[in-house]
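Enquirer: Spelled out from the first residue to the last, the chains are:
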Amino acid sequence: MANQKSVYMDHSATTATDPEVVQAMIPWFSNQYGNPSSLYKLARESKTAIENARSKVATAIGAKPEEIFFTSGGTESDNWALIGTAFALRKKGNHIITSGIEHHAIQHTCEYLEKQGFSVTYLPVDESGKIRTADLKSAITDGTILVSVMFANNEIGTIQPVKEIGKICREKGILFHTDAVQAIGNIPIDVGDLNIDLLSLSSHKFYGPKGTGALFIRKGVRIDNYIHGGGQERRKRAGTENVPGIVGLGTAIEKVTRNLEDNSNRIRVLRDRLLDRILSEIPHTRLNGHRTDRLAGNINVSFEFIEGESLLLLLDHAGIAASTGSACSSGSLEPSHVLLAIGLRAEIAHGSLRLTLGRENTEEDNEYVFAELKKAVERLRAMSPLYADYLKKRSRHV
Amino acid sequence: MANQKSVYMDHSATTATDPEVVQAMIPWFSNQYGNPSSLYKLARESKTAIENARSKVATAIGAKPEEIFFTSGGTESDNWALIGTAFALRKKGNHIITSGIEHHAIQHTCEYLEKQGFSVTYLPVDESGKIRTADLKSAITDGTILVSVMFANNEIGTIQPVKEIGKICREKGILFHTDAVQAIGNIPIDVGDLNIDLLSLSSHKFYGPKGTGALFIRKGVRIDNYIHGGGQERRKRAGTENVPGIVGLGTAIEKVTRNLEDNSNRIRVLRDRLLDRILSEIPHTRLNGHRTDRLAGNINVSFEFIEGESLLLLLDHAGIAASTGSACSSGSLEPSHVLLAIGLRAEIAHGSLRLTLGRENTEEDNEYVFAELKKAVERLRAMSPLYADYLKKRSRHV
Amino acid sequence: MYSEKVMDHFMNPRNQGEITDADGVGEVGNPTCGDIMRIFLSVKENIITDVKFQTFGCGAAVASSSMATELIKGKTLEEAWEVSNKAVAEALEGLPPIKMHCSVLAEEGIHKAINDYRIKQGLPPWEEKAGHHHGHDDGTCET
Amino acid sequence: MYSEKVMDHFMNPRNQGEITDADGVGEVGNPTCGDIMRIFLSVKENIITDVKFQTFGCGAAVASSSMATELIKGKTLEEAWEVSNKAVAEALEGLPPIKMHCSVLAEEGIHKAINDYRIKQGLPPWEEKAGHHHGHDDGTCET
Ligand SMILES: Cc1ncc(COP(=O)(O)O)c(C=O)c1O
Ligand SMILES: Cc1ncc(COP(=O)(O)O)c(C=O)c1O
Numbered sequence: 001m002a003n004q005k006s007v008y009m010d011h012s013a014t015t016a017t018d019p020e021v022v023q024a025m026i027p028w029f030s031n032q033y034g035n036p037s038s039l040y041k042l043a044r045e046s047k048t049a050i051e052n053a054r055s056k057v058a059t060a061i062g063a064k065p066e067e068i069f070f071t072s073g074g075t076e077s078d079n080w081a082l083i084g085t086a087f088a089l090r091k092k093g094n095h096i097i098t099s100g101i102e103h104h105a106i107q108h109t110c111e112y113l114e115k116q117g118f119s120v121t122y123l124p125v126d127e128s129g130k131i132r133t134a135d136l137k138s139a140i141t142d143g144t145i146l147v148s149v150m151f152a153n154n155e156i157g158t159i160q161p162v163k164e165i166g167k168i169c170r171e172k173g174i175l176f177h178t179d180a181v182q183a184i185g186n187i188p189i190d191v192g193d194l195n196i197d198l199l200s201l202s203s204h205k206f207y208g209p210k211g212t213g214a215l216f217i218r219k220g221v222r223i224d225n226y227i228h229g230g231g232q233e234r235r236k237r238a239g240t241e242n243v244p245g246i247v248g249l250g251t252a253i254e255k256v257t258r259n260l261e262d263n264s265n266r267i268r269v270l271r272d273r274l275l276d277r278i279l280s281e282i283p284h285t286r287l288n289g290h291r292t293d294r295l296a297g298n299i300n301v302s303f304e305f306i307e308g309e310s311l312l313l314l315l316d317h318a319g320i321a322a323s324t325g326s327a328c329s330s331g332s333l334e335p336s337h338v339l340l341a342i343g344l345r346a347e348i349a350h351g352s353l354r355l356t357l358g359r360e361n362t363e364e365d366n367e368y369v370f371a372e373l374k375k376a377v378e379r380l381r382a383m384s385p386l387y388a389d390y391l392k393k394r395s396r397h398v
Numbered sequence: 001m002a003n004q005k006s007v008y009m010d011h012s013a014t015t016a017t018d019p020e021v022v023q024a025m026i027p028w029f030s031n032q033y034g035n036p037s038s039l040y041k042l043a044r045e046s047k048t049a050i051e052n053a054r055s056k057v058a059t060a061i062g063a064k065p066e067e068i069f070f071t072s073g074g075t076e077s078d079n080w081a082l083i084g085t086a087f088a089l090r091k092k093g094n095h096i097i098t099s100g101i102e103h104h105a106i107q108h109t110c111e112y113l114e115k116q117g118f119s120v121t122y123l124p125v126d127e128s129g130k131i132r133t134a135d136l137k138s139a140i141t142d143g144t145i146l147v148s149v150m151f152a153n154n155e156i157g158t159i160q161p162v163k164e165i166g167k168i169c170r171e172k173g174i175l176f177h178t179d180a181v182q183a184i185g186n187i188p189i190d191v192g193d194l195n196i197d198l199l200s201l202s203s204h205k206f207y208g209p210k211g212t213g214a215l216f217i218r219k220g221v222r223i224d225n226y227i228h229g230g231g232q233e234r235r236k237r238a239g240t241e242n243v244p245g246i247v248g249l250g251t252a253i254e255k256v257t258r259n260l261e262d263n264s265n266r267i268r269v270l271r272d273r274l275l276d277r278i279l280s281e282i283p284h285t286r287l288n289g290h291r292t293d294r295l296a297g298n299i300n301v302s303f304e305f306i307e308g309e310s311l312l313l314l315l316d317h318a319g320i321a322a323s324t325g326s327a328c329s330s331g332s333l334e335p336s337h338v339l340l341a342i343g344l345r346a347e348i349a350h351g352s353l354r355l356t357l358g359r360e361n362t363e364e365d366n367e368y369v370f371a372e373l374k375k376a377v378e379r380l381r382a383m384s385p386l387y388a389d390y391l392k393k394r395s396r397h398v
Numbered sequence: 001m002y003s004e005k006v007m008d009h010f011m012n013p014r015n016q017g018e019i020t021d022a023d024g025v026g027e028v029g030n031p032t033c034g035d036i037m038r039i040f041l042s043v044k045e046n047i048i049t050d051v052k053f054q055t056f057g058c059g060a061a062v063a064s065s066s067m068a069t070e071l072i073k074g075k076t077l078e079e080a081w082e083v084s085n086k087a088v089a090e091a092l093e094g095l096p097p098i099k100m101h102c103s104v105l106a107e108e109g110i111h112k113a114i115n116d117y118r119i120k121q122g123l124p125p126w127e128e129k130a131g132h133h134h135g136h137d138d139g140t141c142e143t
Numbered sequence: 001m002y003s004e005k006v007m008d009h010f011m012n013p014r015n016q017g018e019i020t021d022a023d024g025v026g027e028v029g030n031p032t033c034g035d036i037m038r039i040f041l042s043v044k045e046n047i048i049t050d051v052k053f054q055t056f057g058c059g060a061a062v063a064s065s066s067m068a069t070e071l072i073k074g075k076t077l078e079e080a081w082e083v084s085n086k087a088v089a090e091a092l093e094g095l096p097p098i099k100m101h102c103s104v105l106a107e108e109g110i111h112k113a114i115n116d117y118r119i120k121q122g123l124p125p126w127e128e129k130a131g132h133h134h135g136h137d138d139g140t141c142e143t
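Chains as they are written, first to last, in the numbering used here: chain A, 1 to 398; chain B, 1 to 398; chain C, 1 to 143; chain D, 1 to 143.
These are calculated hints, taken from the structure and not from any lab test.
Just so it is clear, CB atoms sit at the ideal spot from N, CA and C, and this is done for glycine as well.
Treat the hints loosely; a few may be bogus.
Away from chain A, derived, C-beta distances all over 10 angstroms, residues of chain B [as the list claims (entries may be wrong)]:
#1 ASP10
#2 LYS91
#3 ALA105
#4 ILE168
#5 HIS204
#6 LYS210
#7 GLY220
#8 ILE227
#9 ARG345
#10 GLU372
#11 PRO385
#12 TYR390
Covered stretches of chain B, going by a simulated chain A footprint (3 or more residues, C-beta under 8 angstroms) [stated by the list, open to error]:
#13 35 to 45
#14 58 to 68
#15 242 to 249
#16 305 to 314
Not the full set, but computed from the structure, chain A residues with beta-carbon under 8 angstroms of chain C [what the hints assert, rightly or not]:
#17 PRO283
#18 LEU287
#19 PHE305
#20 SER326
#21 GLY343
#22 ALA346
#23 GLU347
#24 HIS350
#25 MET383
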């Protein structure tokens with residue numbers, strides 16, 4: 001166990017903070033600790049650091065610096081975007097459109113808004129996980145004030161037709177928010193080109209620190225404040241700024257967008273090799289999500305006859321970090337709503353495995369993960385009553 | 001300028017993160033980066049780190065670990081405490097009582113609640129900045145659901161009669177929230193003893209990192225969620241946990257409560273020496289806030305005939321970091337509502353200076369600050385038309 | 001999240017497998033909910049001489065099956081019937097609250113296997129105690 | 001927050017002081033709002049031969065007073081009248097938006113001092129341009 005191999009393939013859950021990013025943050029803890037709202041030198045330096053980070057975020061997504069607001073993460077950004085615009089536009093209408101496969105940060109916020117009297121349409125998705133723009137068009141009513149559709153899905157990696165959605169919303173004069181928490185650093189994004197009005201991002205998904213994120217709010221968009229208090233963030237988001245976190249976010253987004261295409265391509269090639277091997281060499285396995293319109297690092301497969309949590313435990317024992325949509329994994333009691341939404345039976349959803357590759361993964365990692373995965377699947381099948389039944393049925397048929 | 005002396009006396013604005021705290025945080029960025037919601041070893045370690053920090057916070061205030069919820073800072077804690085309980089108890093009543101000298105995080109949240117149909121009583125304070133418990137008692141109605149009074153004021157340092165407030169609320173069966181952002185680390189707090197139901201704290205005020213705080217919610221208190229999403233913090237506060245920040249908060253609160261009394265006493269003695277000198281050697285100066293029931297490190301004085309921002313600029317030029325309640329300091333346009341509430345004329349409020357001493361300040365710092373302050377006050381008075389008038393009037397009277 | 005005992009029984013399950021000529025078989029659970037347990041018994045002179053299990057489910061489900069089979073092996077049917085889900089969970093040094101239903105499944109699996117044996121022997125099945133927790137019998141996956 | 005020019009004029013104010021036998025004096029601002037400016041003029045043959053100021057206020061107020069007095073020294077009264085708040089702010093290499101009212105105060109102070117001189121000379125005061133920004137004349141402290 002001591003020098004056991006360990007492979008991290010759960011980059012969609014979180015990423016290690018880049019050592020360069022940590023280095024950039026360090027001074028802002030103990031030496032450059034001024035409160036940006038104050039007046040003296042130490043404080044002005046913090047203020048400048050924040051504004052530099054803001055410019056970097058703006059550059060990364062084609063926005064203006066004054067359209068970027070720092071938050072405590074993707075979840076807060078999502079809450080603010082939805083609740084802030086919904087209440088600000090309440091007089092205009094009370095209808096919101098989203099998809100059926102959003103992250104809980106959107107889904108549960110929509111449920112909260114429903115309790116507040118808003119009406120929410122949850123667009124269905126096709127078997128690859130994409131919404132149909134025809135559905136979006138026909139869902140729009142005179143009272144629709146906001147469309148929120150995620151850029152790329154965190155479980156199955158499917159990328160939505162964001163450009164078309166943006167176009168439809170722009171034509172109809174409806175705000176378009178996208179949860180780009182999984183997309184930033186993986187897909188080039190230009191909020192102008194895509195007609196995005198609000199965009200959520202979270203630093204720890206692209207090698208930045210946890211606990212810091214941002215919301216892009218296009219100039220002119222009406223939105224209520226969500227965290228009330230001091231005059232920070234141009235009076236839109238109160239609370240003493242997390243200066244080291246913001247510096248880290250800025251450093252991380254700059255680095256991750258610099259070589260975005262090269263990195264994505266390298267990860268995609270690696271991902272495809274592992275995915276192809278899994279699909280071809282482990283029987284009774286299916287791919288979840290779109291084959292090509294998916295995040296470069298994302299693998300989501302279902303293994304028949306077995307349950308995901310026990311698979312994760314075996315992988316963990318082999319030093320492999322992965323994730324599942326099974327109900328039995330900690331946190332939730334229901335199997336992934338995303339897997340059910342793309343039409344999987346619950347039993348197949350329970351047997352799902354998500355491997356999300358990142359910057360530091362190698363071909364060697366692939367080899368190791370594949371070998372351990374194959375063993376683990378076989379082992380669990382050997383104890384599965386469902387697999388035993390399947391074998392009996394098959395031998396009878398032969 | 002190169003090796004100019006610099007003295008930080010703005011500890012109520014923020015503090016340097018203790019190097020020990022930074023050291024404790026570091027591993028949780030790049031090596032121990034697991035998402036606490038995941039299942040594998042790396043994730044379980046993060047989870048354990050959070051739970052350790054939770055225990056430390058609980059111990060520091062006499063709560064149970066399961067009553068501590070991590071947030072992005074004092075402001076979020078205040079928003080959640082007020083909005084979360086107000087909406088959860090709306091059926092019981094719609095009246096909230098607070099003080100007229102709360103931090104903006106409470107004040108503006110109360111204003112938001114007023115817009116949502118709640119009625120808020122802002123208790124006046126006496127000239128020392130304390131509320132009168134008789135006022136509190138007579139403000140309570142059948143519809144009162146929440147009392148929120150800060151533990152100690154951030155500007156003038158005045159400590160409220162928290163124990164009596166807690167007793168009154170308990171007797172009446174009304175929730176009692178206290179914003180203890182300035183008190184933690186300076187005053188020993190036991191939420192049981194003081195009958196506190198909810199308590200906000202913010203890490204960066206006691207040598208922890210910025211961007212992380214906590215809300216104590218007594219078991220059994222009904223409170224709505226404020227940030228909706230994933231199942232973190234026992235389903236009460238969504239969003240991937242800021243693991244390094246939480247570890248830092250835990251380390252900081254443990255350290256700061258360990259030698260609380262000794263540190264406070266040392267700082268109080270230092271503070272009193274500086275304060276006495278200012279009051280006795282700079283004429284036309286008054287103390288704002290209570291003489292003894294105040295935070296150990298807090299000095300708040302008003303210098304007649306001059307304006308605070310220009311005083312800060314001169315002090316900054318001498319390497320001294322301080323703060324003012326003047327409208328002219330960045331952020332706000334009105335002079336401090338706290339100084340007005342204790343009965344200061346706006347003109348005197350504009351001439352206020354806050355010096356807040358902390359752990360690393362020394363007698364030498366005192367000497368330097370006093371000398372520079374005296375010079376700066378004299379210099380500004382020399383250019384002040386108000387002072388010129390005063391001198392003329394006085395010479396006429398002689 | 002899991003105790004060492006749970007992980008030991010998950011990584012090294014005891015009595016995993018099938019008894020092809022079992023005297024009694026019990027199956028509980030539901031694939032929709034993510035867990036199915038099947039218990040096989042060999043019974044001689046009222047004593048459980050052999051027991052095996054097959055499980056589709058999470059770590060706690062596997063460990064509960066393994067532990068439950070250990071607890072009843074060599075016992076009389078009456079003794080085995082009395083092995084409660086609590087006893088299984090305790091022997092595993094505890095289960096997370098959301099995983100307690102796995103130990104309930106194990107208890108039910110044993111009961112079903114014993115009653116299957118009794119019915120095959122022409123005996124009336126024993127009755128479950130009133131107030132007993134049911135795994136997923138209420139049609140939902142939550143306990 | 002402040003430009004180097006502002007800081008220079010704040011740290012080294014030009015023309016600070018009082019002219020005891022001034023030909024014109026103008027005072028603007030309000031202690032409640034945190035700023036008062038007093039401008040003293042010496043005028044010879046329609047030329048401002050000397051100018052001094054006293055200011056109670058923030059850094060921008062002091063710097064604006066200092067810069068404004070520099071801009072009008074040696075000018076004719078007509079030229080001095082035309083020195084706008086914008087000219088003051090520009091000469092200071094910009095002011096933060098919430099501090100622009102300080103430059104307005106400076107302009108108004110000069111106007112008041114000039115008209116004080118004119119009235120003392122028995123001349124009709126000049127009129128402020130329409131649409132002109134007022135410092136705090138509307139009774140509030142915000143601009
Ligand atoms: C698509 C998506 N949205 C929102 C979030 C929430 O981000 P955070 O946990 O940083 O608040 C996540 C990640 O957890 C995500 O994957
Ligand atoms: C009394 C008080 N409450 C709340 C806050 C807000 O805390 P934070 O800025 O960490 O959100 C502060 C500090 O700014 C404070 O002094």
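Enquirer: Compute the least Cβ-Cβ separation between ALA105 (chain B) and chain A, then decide whether it is above 10 angstroms.
Expert: violated (3 angstroms)
Enquirer: Since LYS91 (chain B) was said not to touch the interface, does its Cβ keep a gap of more than 10 angstroms from each Cβ of chain A?
Expert: Non-interface label on LYS91 (chain B) holds, nearest chain A Cβ at 14 angstroms vs cutoff 10 angstroms.
Enquirer: Would the least Cβ to Cβ distance between ILE168 (chain B) and chain A come out above 10 angstroms?
Expert: Non-interface label on ILE168 (chain B) holds, nearest chain A Cβ at 26 angstroms vs cutoff 10 angstroms.
Enquirer: Please settle this one: GLY220 (chain B) was flagged as non-interface, so is its CB more than 10 angstroms from every CB on chain A?
Expert: holds (23 angstroms)
Enquirer: Evaluate the condition: distance from the CB of ASP10 (chain B) to the nearest CB of chain A exceeds 10 angstroms.
Expert: With a cut-off of 10 angstroms, ASP10 (chain B) comes too close to chain A, as the shortest Cβ separation is near 6 angstroms.
Enquirer: Is it correct that the beta-carbon of ARG345 (chain B) has no partner in chain A closer than or equal to 10 angstroms?
Expert: The claim holds: ARG345 (chain B) sits with its nearest Cβ about 23 angstroms from chain A, beyond 10 angstroms.
Enquirer: Please verify the coverage claim for the stretch 242 to 249 of chain B: does it have three or more residues whose C-beta sits within 8 angstroms of some C-beta in chain A?
Expert: holds (count 4)
Enquirer: Should the hint that HIS350 (chain A) touches chain C count as held when the rule is a Cβ pair under 8 angstroms?
Expert: HIS350 (chain A) check passes; min Cβ-Cβ to chain C is 4 angstroms, inside 8 angstroms.
Enquirer: If you look at each residue in the stretch 305 to 314 of chain B, do at least three have a Cβ nearer than 8 angstroms to any Cβ of chain A?
Expert: holds (count 3)
Enquirer: Using the nearest Cβ pair, does LEU287 (chain A) come within less than 8 angstroms of chain C?
Expert: violated (21 angstroms)
Enquirer: Does the claim that TYR390 (chain B) lies outside the interface with chain A hold up, using a Cβ gap greater than 10 angstroms?
Expert: Its Cβ never comes within 10 angstroms of chain A, the nearest being 27 angstroms, so this holds.
Enquirer: Hint GLY343 (chain A) vs chain C: min CB-CB distance below 8 angstroms?
Expert: With Cβ-Cβ at 15 angstroms, over 8 angstroms, it is violated.
Checked against the numbered hints given earlier, the structure breaks hints 1, 3, 5, 6, 8, 14, 17, 18, 21 and satisfies all the rest.
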